[in-house]
Each structure stands twice: as structure tokens, then as C-alpha cells.
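Go ahead and model the full structure; you've got the sequences and the hints to work with.
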Amino acid sequence: MEEKISEAIKNAIEGAPERKFVESLDIAFTIKDVDFEES
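The opening residue of the sequence shown carries number 2 in my numbering; numbering runs sequentially from there.
The set of hints was computed from the structure by calculation and includes no laboratory data.
Computed from a predicted model, the values in this text were never measured in an experiment.
Possibly wrong hints are sitting among the right ones.
Claimed, not checked - Here are the in silico distance ranges between beta carbons for each label pair: (1) D36 <-> K11: 25 to 31 Å; (2) D36 <-> S7: 28 to 34 Å; (3) M2 <-> F37: 34 to 40 Å; (4) E39 <-> K5: 34 to 40 Å; (5) N12 <-> D34: 19 to 25 Å; (6) A9 <-> K33: 37 to 43 Å; (7) A13 <-> E39: 21 to 27 Å; (8) F37 <-> N12: 15 to 21 Å; (9) P18 <-> E39: 19 to 25 Å; (10) E8 <-> F37: 22 to 28 Å; (11) F30 <-> K5: 28 to 34 Å.
Each residue gets a CB set at the ideal place from its N, CA and C atoms; glycine is no exception.
Laid out in C-alpha cells, this is it:
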């Protein structure tokens, strides 16, 4: 699965038109059923 994700990102970058500005990508993760207050 990791290889497929890496390949998809690589293909998207190579196929995108060249831009005259820097692009960024924000990713958010939601962690369920984890209590950070417990030690």
C-alpha cells in the first residue's frame, strides 16, 4: 500500500503543470480511542 501511495504522489507531481509559486500540502490525522491523559 505504501508503494501505491508513493507512486500516486510521484505521478501527480510529474503530471502537474509547472507553477510560479511554492505549493504546500496540509494533512490532518484523527486518532480515536486514545486517552493521552492516562500514563
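Against the structure, the hints come out as follows:
1. D36 <-> K11: 25 to 31 Å: Since D36 and K11 have Cβ atoms about 38 Å apart, the given range 25 to 31 Å is violated.
2. D36 <-> S7: 28 to 34 Å: Holds, since D36 and S7 (Cβ atoms, about 33 Å apart) stay within the stated range.
3. M2 <-> F37: 34 to 40 Å: 27 Å, violated
4. E39 <-> K5: 34 to 40 Å: 35 Å, holds
5. N12 <-> D34: 19 to 25 Å: 34 Å, violated
6. A9 <-> K33: 37 to 43 Å: Between A9 and K33, where Cβ atoms are some 25 Å apart, the hint is violated.
7. A13 <-> E39: 21 to 27 Å: Violated, since A13 and E39 (Cβ atoms, about 40 Å apart) do not stay within the stated range.
8. F37 <-> N12: 15 to 21 Å: Taking Cβ atoms as reference, F37 and N12 lie about 37 Å apart, which means the hint is violated.
9. P18 <-> E39: 19 to 25 Å: 49 Å, violated
10. E8 <-> F37: 22 to 28 Å: 34 Å, violated
11. F30 <-> K5: 28 to 34 Å: 19 Å, violated
Hint check: violations occur at hints 1, 3, 5, 6, 7, 8, 9, 10 and 11; the rest are consistent with the structure.
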